[in-house]
Amino acid sequence: MIVREFQSVIGREARLQFAERPETPEIPDTLVACVGGGSNAIGLFYAFLQDEVRMVGVEAAGLGTDTDQHAATLTKGRLGVLHGSASYLLQNDDGQVTLPHSVSAGLDYPGVGPEHSYLKESGRVEYVSATDEEAISAFCWLSEQEGILPALESAHALSFLRRSDNGLRPGSHVVVCLSGRGDKDVNTVADYLGKEL
Amino acid sequence: MSTEQTPVKKKDVTGTSPGNRIQALFRTPGEKLIPFITAGYPTKELTVELVLAAERAGADMIELGMPFSDPLAEGPVIQASSQIALENGVTLKWILDQVRIIRRRCEMPLALMGYINPILQYGVETFVKDCRSAGVDGLIIPDLPPEEAEPLIGQCRKNSVSPILLVAPNTSDERIHTVSGLAGDLIYCVSILGITGSDLTSVNTLENYLERVRKHSVTPFVVGFGIKTREDVRNINRMADGAVVGSELIRRITKTDDPVEAAETYIRRLKGGDEKT
Numbered sequence: 007m008i009v010r011e012f013q014s015v016i017g018r019e020a021r022l023q024f025a026e027r028p029e030t031p032e033i034p035d036t037l038v039a040c041v042g043g044g045s046n047a048i049g050l051f052y053a054f055l056q057d058e059v060r061m062v063g064v065e066a067a068g069l070g071t072d073t074d075q076h077a078a079t080l081t082k083g084r085l086g087v088l089h090g091s092a093s094y095l096l097q098n099d100d101g102q103v104t105l106p107h108s109v110s111a112g113l114d115y116p117g118v119g120p121e122h123s124y125l126k127e128s129g130r131v132e133y134v135s136a137t138d139e140e141a142i143s144a145f146c147w148l149s150e151q152e153g154i155l156p157a158l159e160s161a162h163a164l165s166f167l168r169r170s171d172n173g174l175r176p177g178s179h180v181v182v183c184l185s186g187r188g189d190k191d192v193n194t195v196a197d198y199l200g201k202e203l
Numbered sequence: 026m027s028t029e030q031t032p033v034k035k036k037d038v039t040g041t042s043p044g045n046r047i048q049a050l051f052r053t054p055g056e057k058l059i060p061f062i063t064a065g066y067p068t069k070e071l072t073v074e075l076v077l078a079a080e081r082a083g084a085d086m087i088e089l090g091m092p093f094s095d096p097l098a099e100g101p102v103i104q105a106s107s108q109i110a111l112e113n114g115v116t117l118k119w120i121l122d123q124v125r126i127i128r129r130r131c132e133m134p135l136a137l138m139g140y141i142n143p144i145l146q147y148g149v150e151t152f153v154k155d156c157r158s159a160g161v162d163g164l165i166i167p168d169l170p171p172e173e174a175e176p177l178i179g180q181c182r183k184n185s186v187s188p189i190l191l192v193a194p195n196t197s198d199e200r201i202h203t204v205s206g207l208a209g210d211l212i213y214c215v216s217i218l219g220i221t222g223s224d225l226t227s228v229n230t231l232e233n234y235l236e237r238v239r240k241h242s243v244t245p246f247v248v249g250f251g252i253k254t255r256e257d258v259r260n261i262n263r264m265a266d267g268a269v270v271g272s273e274l275i276r277r278i279t280k281t282d283d284p285v286e287a288a289e290t291y292i293r294r295l296k297g298g299d300e301k302t
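Protein chains in written order, with this note's numbering: chain A, 7 to 203; chain B, 26 to 302.
In case anyone wonders, no lab produced these hints; they're calculated from the structure.
Possibly wrong hints are sitting among the right ones.
[Claimed, not checked] Counterexamples of contact, computed for chain A against chain B with all Cβ distances above 10 Å:
{"no.": "1", "residue": "I8"}
{"no.": "2", "residue": "A20"}
{"no.": "3", "residue": "L88"}
{"no.": "4", "residue": "L95"}
{"no.": "5", "residue": "D99"}
{"no.": "6", "residue": "D100"}
{"no.": "7", "residue": "E152"}
{"no.": "8", "residue": "I154"}
{"no.": "9", "residue": "L184"}
{"no.": "10", "residue": "D189"}
{"no.": "11", "residue": "V192"}
{"no.": "12", "residue": "E202"}
[Said to hold, decoys possible] Here are some of the chain B residues that sit facing chain A, going by a computed Cβ distance under 10 Å:
{"no.": "13", "residue": "D95"}
{"no.": "14", "residue": "L97"}
{"no.": "15", "residue": "L117"}
{"no.": "16", "residue": "L121"}
{"no.": "17", "residue": "Y140"}
{"no.": "18", "residue": "L145"}
{"no.": "19", "residue": "L169"}
{"no.": "20", "residue": "N184"}
{"no.": "21", "residue": "S185"}
{"no.": "22", "residue": "I220"}
Backbone N, C-alpha and C define an ideal beta-carbon position, used for all residues, glycine too.
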């Protein structure tokens with residue numbers, strides 16, 4: 007709740023900025039944010055929880071949620087206790103916490119903020135996942151189209167927009183949280199693509 | 026602040042019967058030494074041997090660590106031993122099997138120390154029952170706050186296993202009283218605000234803290250974290266009902282070709298056994 011309180015600036019500001027735009031409705035119809043521990047996502051979502059707004063949290067599927075190399079806690083984990091809180095957790099049958107994998111360091115966490123577990127259970131927020139490959143591709147897409155380097159974490163959220171099954175209709179008003187800049191990730195992306203800088 | 030406290034009787038607070046080895050041990054006076062070893066470290070084969078060596082060396086009780094992937098109270102030495110034990114394939118079921126083997130040869134009180142998640146996955150009720158039938162006398166779960174501990178404590182009472190709750194130097198007088206009342210048989214005082222294997226604080230600070238515990242706890246209490254020498258053990262036993270030694274023992278087991286011999290010699294020295302002849 008401490009994290010949510012401070013991160014909630016994101017949602018309050020997004021709400022204000024969106025309302026100031028004369029060409030769009032008062033509030034967006036869809037919010038998308040990446041979820042590792044889930045801090046930026048809870049910050050964005052919190053200001054809209056009482057509104058009719060669709061919310062999507064995108065976890066890191068790493069090499070795929072059918073492998074053991076991912077960080078998709080809400081998608082593939084089950085109830086456990088880590089660092090003093092009960093939440094979804096990536097763990098083996100003995101209750102030992104397993105090592106997650108993601109190309110983005112910020113999503114590479116085996117647990118998740120407990121409020122996300124609650125929002126998943128209640129059905130208020132949809133949680134999906136994006137692979138390393140989808141994130142890298144979304145990173146390149148935004149960089150090429152807009153000249154904005156998104157953090158690899160945020161690129162997971164962005165990749166949701168490019169899916170054919172995302173349920174977004176033309177004309178939807180979507181807010182994607184760009185939780186960080188991608189300058190820090192340029193080397194990782196170059197390595198992934200096999201390019202030398 | 027707490028000036029008035031509800032008196033909690035020392036007897037009958039647990040409702041446990043017919044009693045376990047920990048309750049019996051702490052009814053007897055005298056210095057107590059409780060070595061800690063990580064189950065399955067350095068190898069699975071040595072766990073039973075190390076416990077028996079501790080008993081031969083004069084240990085009064087043994088604390089057996091159930092390794093966890095994210096052991097938040099542990100310093101580097103016990104963390105590393107937990108990691109190796111997990112790589113050796115240690116599970117709760119295997120640990121309980123070892124306790125059964127130990128119980129064929131030894132009646133020393135035994136507590137298991139571990140983190141709550143593996144126990145939750147095992148099932149709290151089944152785990153405590155299996156502890157009882159294997160011969161475990163107590164459970165120490167550092168990441169289980171008393172407020173969330175009722176299911177486990179309830180099962181412990183039913184099965185005559187002592188839930189050994191923890192207090193720290195920043196625990197209030199009132200809370201020491203409440204926590205010890207909930208624990209019923211024994212509490213574990215963390216000596217410092219820190220992790221296992223750290224240095225002890227000054228004797229004065231420790232003395233003030235343990236005097237507070239003595240005044241407000243309704244149960245006997247042992248002290249752990251940072252205890253390394255014979256002198257530490259003697260000092261702690263003047264202020265408390267027992268001393269736990271973990272990291273330094275594990276460190277000695279790690280640095281030798283003969284862990285059983287090293288453990289036995291070190292524990293005997295901690296106990297003052299080499300002074301008497």
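Right, here's what the structure says about each hint:
1. Here A:I8 stays apart from chain B, with its beta-carbon at least about 17 Å from theirs, past the 10 Å limit.
2. Chain B leaves A:A20 outside its interface by the beta-carbon criterion, the shortest separation being 34 Å against a cut-off of 10 Å.
3. With a minimum CB-CB distance of about 6 Å to chain B, A:L88 fails to clear the 10 Å threshold, and the non-interface call is violated.
4. Not every Cβ of chain B is farther than 10 Å from the Cβ of A:L95; the closest lies at roughly 7 Å, contradicting the non-interface assignment.
5. Annotated as non-interface, A:D99 brings its C-beta within 10 Å of a C-beta of chain B; the closest such distance is 7 Å.
6. With a least CB separation of 5 Å from chain B, A:D100 falls inside the 10 Å interface cut-off, contrary to its annotation.
7. For A:E152, the non-interface assignment is confirmed: its Cβ lies about 40 Å from the closest Cβ of chain B, beyond the 10 Å cut-off.
8. The Cβ of A:I154 sits about 36 Å from the closest Cβ of chain B, beyond the 10 Å cut-off, so the non-interface label holds.
9. The beta carbon of A:L184 is kept farther than 10 Å from every beta carbon of chain B, the shortest such distance being approximately 31 Å.
10. In this structure A:D189 is separated from chain B by more than 10 Å, as the shortest Cβ-Cβ distance comes to about 31 Å.
11. For A:V192, the shortest C-beta to C-beta distance to chain B comes to about 32 Å, beyond the 10 Å cut-off, and the non-interface label holds.
12. Listed as a non-interface residue, A:E202 keeps its Cβ farther than 10 Å from every Cβ of chain B; the least gap is roughly 36 Å.
13. Checking B:D95 against chain A by beta carbon gives a least distance of about 5 Å; that is within 10 Å, so the hint holds.
14. The beta carbon of B:L97 is positioned within 10 Å of a beta carbon in chain A (closest approach about 7 Å), and the interface hint is therefore held.
15. Residue-level restraint check for B:L117 holds (minimum Cβ-Cβ distance to chain A is 7 Å; threshold 10 Å).
16. Because the beta carbon of B:L121 sits about 13 Å from the nearest beta carbon in chain A, more than 10 Å, this interface hint is broken.
17. Contact between B:Y140 and chain A, as hinted, is supported at the beta carbon level, the nearest pair being about 8 Å apart and thus within 10 Å.
18. Evaluation of the B:L145 hint against chain A yields a held restraint, the C-beta minimum of about 6 Å falling below 10 Å.
19. Interface restraint check for B:L169: the shortest CB-CB distance to chain A comes to about 8 Å, inside 10 Å, so the restraint holds.
20. The beta carbon of B:N184 is not positioned within 10 Å of any beta carbon in chain A (closest approach about 20 Å), and the interface hint is therefore violated.
21. Taken as an interface hint, B:S185 does not check out: its beta carbon lies about 25 Å from the nearest beta carbon of chain A, beyond 10 Å.
22. Violation of the interface hint for B:I220 is found here, the shortest Cβ-Cβ separation to chain A being roughly 14 Å, above the 10 Å cut-off.
Checked against the numbered hints above, the structure breaks hints 3, 4, 5, 6, 16, 20, 21, 22 and satisfies the rest.
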